[in-house]
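Whenever a hint applies, use it, and build me the whole structure from the sequences.
Counted from 1, the sequence shown has number 175 at position 175 by the working numbering; the numbering is strictly sequential.
Hints are computed from structural coordinates only; laboratory data are not their basis.
In this text the structure is predicted, and so the values were computed from the model without any measurement.
Cβ atoms here follow ideal geometry from the backbone N, Cα and C, with glycine treated the same way.
What follows is a set of in silico ranges between Cβ atoms, one per label pair, in the way DEER data are often shown:
id	residue 1	residue 2	range
1	Ser82	Leu62	22 to 28 Å
2	Gly116	Asp64	31 to 37 Å
3	Arg123	Tyr57	35 to 41 Å
4	Gly157	Glu71	51 to 57 Å
5	Ser82	Gly116	41 to 47 Å
6	Ser82	Asp169	50 to 56 Å
7	Gly158	Lys37	28 to 34 Å
8	Arg123	Tyr43	34 to 40 Å
9	Asp64	Ile2	26 to 32 Å
10	Asp169	Ala81	52 to 58 Å
11	Ser53	Ala136	38 to 44 Å
12	Lys80	Gly158	50 to 56 Å
13	Pro42	Ser17	20 to 26 Å
Derived lysine to aspartate or glutamate pairs resembling EDC-like cross-links, with alpha carbons at most 16 Å apart:
id	residue 1	residue 2
14	Lys48	Glu30
15	Lys45	Asp35
16	Lys127	Glu97
17	Lys152	Asp162
18	Lys48	Glu36
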Amino acid sequence: MIELYYNAYSVAYFVVSQEMGSKTQMAFLENLYEDEKEFILPYYKENKRAFISDVLYFEDYLIDKEKLDKEFPVVKKDIKASGHRFDIEEKMSEYPEIDLFFMIMRLRLLYVSGQGYTRMKLRTLLKHYGYKRRSAAITKHIQDCLSFYRIKSYLRGGQECDVKEISLDDMITFRTMQGV
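Quick look at the structure:
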């Protein structure tokens with residue numbers, strides 16, 4: 001489940017999507033590092049400076065992707081030349097967009113929305129990522145994401161639900177678990 005941890009790229013994606021100013025961004029990164037440490041990629045758990053530095057690098061990348069893509073082969077070569085292994089595929093999930101969706105949902109619920117929940121139909125979630133039906137694999141992955149990010153799903157009236165048992169057209173409310 002290493003692919004579910006917050007990595008520098010996914011956090012940078014969130015920051016860029018929220019159009020944070022520099023002061024807000026730095027306060028967010030400081031709070032995120034302290035409050036959500038258990039969700040941060042283990043590589044960064046003891047190195048706050050590296051985490052923030054890498055997030056800032058990826059923000060620049062996302063903002064000026066075209067220019068930095070031209071430099072990618074040189075960066076890859078330098079990493080290999082320094083004796084490190086470069087294998088971007090090993091940290092990729094089979095469902096990277098869904099992983100990012102639930103990570104962003106958690107961050108929005110905790111740091112942005114102010115309302116503490118988000119609602120949508122399961123059909124909408126699946127359709128957004130190119131699925132028309134639930135398969136056992138996608139349902140299990142959604143459940144794994146919900147569990148990892150400590151997000152609960154509820155039907156109307158506050159009844160807790162399981163995404164594999166509800167109708168595709170049921171309105172689901174997502175909330176972070178309290179006390180985590």
